[in-house]
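Starting from the known structure of chain X, arrange chains P, A and F on it as the hints suggest.
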Amino acid sequence: MKKRKLKYLLAGGIVVAALAGMIYSGVQESMVYFYTPSELVQKKDAVQGKSLRVGGMVVERSIRWDPQTLLLTFQLTDGQGTVFVRHKGTAPDLFKEGAGAVVEGTWTSEGFFRSSNIMAKHSEEYKPPAHPETLESKKELFKSILKEGKP
Amino acid sequence: MLGELLRRTWAMTWKDVTVELRARERINAMLFFAALVLFIFNFALGPDRETLREVAPGLLWLAFLFTGMLGLGRSFQAERENECFEELLLTPGDRESIFFGKLAGNILFMVTAEALILPLFGILYNLDIWGLLPSLALVAFLGTVGFSAIGTLLAAMTAHLRAREVMLPLLLFPLTVPVILGSVRATEAILAGGGLTEVSHWLKLLGGFDVIFLVVCPLAFEFVLEE
Amino acid sequence: MGNWGFVGLAYGLALVALVGYLVFLKGRLRGAGEGLAALERESGRRTR
Amino acid sequence: MGRGSLVARILGGAAGLLLATGLYLGLVVVPPDAVQGDVQRIMYVHVPSIVTAYIAFFVVFCTSILYLWKRDLRLDAVAVSSAEIGVVFTGITLATGMIWGKPTWGVWWTWDARLTLTAILFTIYVGYLMLRAFAEEPLAAARYGAVLAILGFLDIPLNHLAVYWWRTLHQPSSILRPGGPSVASAMLLPLAMNFAGLILLFAYFLVERVRLERIRHRTAEVRLTRGRRG
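Residue numbers (the numbering used here), protein chains in the order written: chain X, -18 to 132; chain P, 78 to 304; chain A, 3 to 50; chain F, 97 to 326.
For the record, the hints were derived by calculation from the structure and aren't laboratory data.
One or more of the hints may lead you astray.
[Stated by the list, open to error] Straight-line Cα separation of at most 30 Å, DSSO-like style, residue types lysine-lysine; simulated pairs: (1) X:24 - X:69; (2) X:77 - X:24; (3) X:-14 - F:166; (4) P:92 - X:-12; (5) F:198 - X:-17.
[Unchecked claim] Listed next, with one range per pair, are the computed distances between beta-carbon atoms: (6) P:207 - F:204: 25 to 35 Å; (7) P:82 - X:4: 29 to 39 Å; (8) F:229 - P:303: 16 to 26 Å; (9) F:161 - X:-2: 54 to 64 Å; (10) P:122 - X:51: 12 to 22 Å; (11) F:105 - P:110: 49 to 59 Å; (12) P:303 - F:105: 34 to 44 Å; (13) P:210 - A:26: 53 to 63 Å; (14) A:24 - P:124: 50 to 60 Å; (15) P:207 - X:-14: 35 to 45 Å; (16) F:154 - X:50: 48 to 58 Å; (17) F:256 - P:122: 24 to 34 Å; (18) P:81 - F:253: 30 to 40 Å; (19) P:207 - X:4: 31 to 41 Å.
[Stated by the list, open to error] Some residues of chain P that are not near chain X, with every Cβ distance over 12 Å (derived): (20) 101; (21) 120; (22) 139; (23) 159; (24) 185; (25) 196; (26) 204; (27) 236; (28) 286; (29) 290.
Quick reminder that beta carbons are idealized off the backbone N, C-alpha and C, glycines included.
Extracted from the complex, chain X is given alone in its bound form (with noise of 0.2 Å):
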């Protein structure tokens, strides 16, 4: 009975260790679970041609929709650098100019972002609308979607 005991401690120190291990390997990595425009223009050769995501705030009247060819193509900043980004294909409804998104893909040797996918994004913030909208709360929220990705 002891060594039972004794297997089933050993057990669960190896699992928690190996939890441990890869969520602290994770949060390593989720520290780039997506770049923002002005690290991507910086760092342009280093990362062509990889699979990567970029976060920011979509630019207004960047958007450009060809429903012939499902082409979209449009801007997105941090305040500092911008990524022209096209995408084949449709963009989900929360997408929008001015607010923020997140896309999928591969940084070309043409200087454009080619995305498979884009990610639109809401806060986890609900208040009623005493506050209406204004350019600084959307500031804020694109600050508190930028912290999500990058500390």
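Below, chains P, A and F without anything else, positioned relative to chain X:
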């Protein structure tokens, strides 16, 4: 103690493999099924190579998993049909050795099937995977270990059920989602040209899952087998 | 469908699920209870 | 056997009262959300039901471990009952979440991390219930069920890791987070009410469902003794 465990495990595996080599029921079924799956994908997808490239990692793993499941479903067949589960229980020593023995056999069969599927996939679908084979094999092995560990446990559990053919996949796939997801993503990155460093976090994750399943499943096996 | 349509649909579904489960549970309880009572009556008669 | 015990009736009554108040507060009194409008009111049923489901599955996990240790079938009765109720609440969460997703995200369903995780959770416990239904003898059902429940619960953090590395779209938790809830205080009240109401409802269901399991055990016992005698 460890040597004893290894010796018993080896005996169990050897028994399964010799039985299989005599009849070749399971491995033949698995290999034919795998070839058939690759064949059917062709009709399901059409000739567009662009689409194929995008879905290739998923297809590859679908072929691996379904073939593997076919093998798992039969892994306790002999014991069940010949009513010798009780004899299995009378084997002296820890139950872990029975589990590891069965697991080693299952991994062996699944890896054999994968060794056929992988090159066939490359040939039939014109994918240039030859240089990537070592890293693909590593991912395939890590995925197979995790999948088979849970699979062996569930196969023992469902062997006594009514409707076991349905219950095995129904329980197996939700529980192995982490392994499947990790394997498919890692394969995807490798096929896209990323090196092993690129997929290192998925490999770490897969390794972690394997360790946890390899520790938890044999302990749980003891409760499944007791009578 | 307006905003309230979605709200109504969500609350309606939740209500149906909870009340449905309650009715299902009560039904099974009644069935099992009656079955047990009949069984006990029968076996009681037999012992006597 | 028709009506439940006094405890059950008190639990059921209190749950009904709290839920009625919570619904009134959430649907009528509290203002709509600034960004999403009235649709956001779905939160008052969506969030409490997933928390209740998690509590139910935690109960399954604990009683399953205890069952394998003590081998008391009463523990197993609690486990299977709690799993069944947990599946109901997970189903409600999935359904209301889809209905909430359509007007806000634009899709009924998306393979986002949290949604995927909840769907996996649902399938694991539906599998658990089916496993128990298909087992031929009750003791084997209890043992297999306990093993699967423990495995399934341990699988949750693993799924979590895998899926979160994959992608995430669902906003982070609004209630359990560093720095306090990000829900306006007026909105917290109906949320808390419904939360308490659903937990009490869970307790009520659990008491009744365990009673059903007890009747079934008793029936099996009577059958067995009768079979032996006759």
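Please work out if residue -14 (chain X) and residue 166 (chain F) have their alpha carbons no farther apart than 30 Å.
-> Holds, at about 15 Å.
Between residue 82 (chain P) and residue 4 (chain X), is the Cβ distance one that fits in 29 to 39 Å?
-> For residue 82 (chain P) and residue 4 (chain X) the Cβ distance comes to about 30 Å; the hint holds.
Mind checking the hinted window 25 to 35 Å against the Cβ distance between residue 207 (chain P) and residue 204 (chain F)?
-> Violated, since residue 207 (chain P) and residue 204 (chain F) (Cβ atoms, about 43 Å apart) do not stay within the stated range.
Are the Cα atoms of residue 198 (chain F) and residue -17 (chain X) separated by 30 Å or less?
-> Roughly 56 Å separates the two Cα atoms, so the pair is violated.
Status of the stated non-contact between residue 120 (chain P) and chain X (beta carbon gap over 12 Å) | It holds; residue 120 (chain P) is separated from chain X by about 25 Å at its closest Cβ, greater than 12 Å.
Hey, is residue 236 (chain P) genuinely clear of chain X, shortest beta carbon separation above 12 Å?
-> 24 Å, holds
Falls inside 31 to 41 Å, the C-beta gap from residue 207 (chain P) to residue 4 (chain X)?
-> With Cβ atoms ~36 Å apart, the hint holds.
Going by Cβ atoms, does residue 290 (chain P) stay more than 12 Å from chain X at every point?
-> 10 Å, violated
Does residue 69 (chain X) lie within 30 Å of residue 24 (chain X) when you go C-alpha to C-alpha?
-> 25 Å, holds
Over 12 Å to the closest beta carbon of chain X is the bar; see if residue 185 (chain P) clears it.
-> 24 Å, holds
Between residue 24 (chain A) and residue 124 (chain P), does the C-beta distance stay in 50 to 60 Å?
-> 55 Å, holds
Do the beta carbons of residue 154 (chain F) and residue 50 (chain X) sit within 48 to 58 Å of each other?
-> Since the Cβ atoms of residue 154 (chain F) and residue 50 (chain X) sit about 51 Å apart, the hinted range of 48 to 58 Å holds.
Hint check: violations occur at hints 5, 6, 9, 15, 28 and 29; the rest are consistent with the structure.
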